[in-house]
Amino acid sequence: MINIRRFLHGEVARHIARAEGCVVPEASRCVQCGICSFSCPIGIDVRRHALKGESISESYCLTCGECVARCPRGTLSFERTNLFNPLLVPENEV
Amino acid sequence: MIIGSGAAGIAAVESIRSQDELGEIVLLSEERYGYYSRPGLAYYLTGELNEQQLFPYNERDFQNLKVQIYNAKVVRLRPAEHLIELHNGQQLRFDRLLIATGASAAQIDVPGADLQGVMKLDNLDDARRILSLTRGRPKAVVVGGGITALELVEGLVARGVKTHYFLRRERYWHNILDETEAQIIEQRLMDHGVQIHYHNELAEVLGKKGMVRGVRTKNGSVIDCRLIGIAIGIKPRKELAQDSGSLEVDRGILVDEFLQTSARDIFAAGDVAQVYDPFTGKSILDSLWKPARDQGTIAGLNMAGGHHVYSKPVAFNVTRLAGLTTTIIGTVGRGGVDDLVGIARGDSETWRQLPDAIAAQEDFEINRLRLMVGEQRILGAIVMGDQTLSRPVHTLVEQQVDITPIREKLLQQDAPIANLIAEFWRQLKMGHVPQYA
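Quick note, the sequences are listed as chains A and B, same order. Here numbering that gives the first Met the number 0 is used: position 5 in the first sequence is 4, and no number is missing along the way. Here numbering that gives the first Met the number 0 is used: position 360 in the second sequence is 359, and no number is missing along the way.
Keep in mind that the hints were calculated from the coordinates and are not lab data. Be careful, since some hints might not be right.
[Unchecked claim] Pairwise CB distance ranges (calculated):
1) B:Tyr197 to A:Cys63: 25 to 33 angstroms
2) B:Ile365 to A:Leu7: 21 to 29 angstroms
3) B:Gln241 to A:Ile41: 47 to 55 angstroms
4) B:Lys72 to A:Glu53: 35 to 43 angstroms
5) A:Glu57 to B:Asp113: 36 to 44 angstroms
Ideal placement from N, C-alpha and C gives every residue a C-beta, glycine not left out.
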């Protein structure tokens, strides 16, 4: 049985993460398989960023989450964008 | 000069070039496709990516690295003369050499193993052949207890192939996973129609006109199949060094902490290198992607005149087991390698060193966290499914953080270890806990 309240809360949280965040790689998990780049609907070479440990700073990234969801090794995650220095990889918080 | 175009070889090219803009770099590769993501082959099999996507670098990347790449087989190494000989008789001189020849899949020694349809997953050609064999949706048998065997099973199932999976023991990857973890994986495989045969081994491959037609198992049963996937371990490709007569070789090519072999100006890195660890005094094999890249980088720096030590990091690998992202950190296993031939692809011997630790674990719906708790620190961990705690746990293991404040709580029966670790991590980041043991 789906808990509607919990489901909606999760959806809203997910939407906020996507709207306010950017995709950040953890380079040590990446094996350059390329699923991330392959699944990007607008052709961003996500793998190249992952290899260098750089966040996806392209302003046209849709933050659709395809690369995050499809990476088989959990390399990518959303993190809140640093408004004052968008190129800076935000520190991962638990 | 670099022999081998895998992760270690390419990392070495990059690091040499980072130090030396003009020096000549020659890369010799037996692999006709050059550099591609070997771990990506598993996802090529499942259909999650196409073949083109396996290649991370394009021609321009290699032009920028100013590296001359030749598709050639090196047949002889003459260390004293700084010479190598190619398959066509050509001789090439090197100033410094890196052997990064990797490892190849171990062959199974049973009658009929040479029949067409007995496959391994070593390279792109293997993946292509497997895919072409799956077109008729034949029945398949997979043999092996590690990551590659599971990749074969998953790839075959994704292609609609009815798959029988043979395990030599009572569970999957018995020397790394515990009973519950193995059960989670096995149940997920069975849910997808995989028929698991426990305590079962291949006795003979049955064939007709040179093609696989079935297998006979050691307990006497016969299973009809057209494809057999074998992943029972890997063997470092050390023959070049061994046959040269002057390089010290054990299970791999022995190198010191600078990744230098026993011969002057010759280095080795990646799956083929058996690296000396000054802290434990042992030389061990790692067949993981990240250490291969790190070793290639250090070897490259040293070939360019540097004097850098390769510090073996805490063993760390992320993989996907039956659809569950799984991170293996530090020492987690029970020792022994008897299920596999030496070492498997995507495997580190460190995992199997017997830990002086007690396991603390917590199960969620399909997620699981297991910690190997030592006297003062966490020695290893397996994080299955949700990976939120993976990075904190990795840091706690790697930086040998003193966990005394939560140790007792972690070891209590039914302790909420995920919450304890998350809270400890939060406190640690706020500077409230002494950091190092």
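That 47 to 55 angstroms hint for B:Gln241 and A:Ile41 (C-beta), does it hold up? 50 angstroms, holds
Check your understanding: Is the hinted range of 35 to 43 angstroms satisfied by the C-beta distance from B:Lys72 to A:Glu53?
Key -> At roughly 37 angstroms between Cβ atoms, A:Glu53 and B:Lys72 fall inside 35 to 43 angstroms, so the hint holds.
Assuming the hint says 36 to 44 angstroms, is it satisfied by the Cβ distance from A:Glu57 to B:Asp113 or not? Cβ of A:Glu57 to Cβ of B:Asp113: about 51 angstroms, so the range 36 to 44 angstroms is violated.
query = At the C-beta level, are B:Tyr197 and A:Cys63 separated by a distance inside 25 to 33 angstroms?
reply = 42 angstroms, violated
inquiry  = Does the beta carbon distance between B:Ile365 and A:Leu7 stay inside 21 to 29 angstroms, or does it fall outside?
reply    = 23 angstroms, holds
In this structure, the earlier hints numbered 1 and 5 are contradicted, and the remaining ones agree with it.
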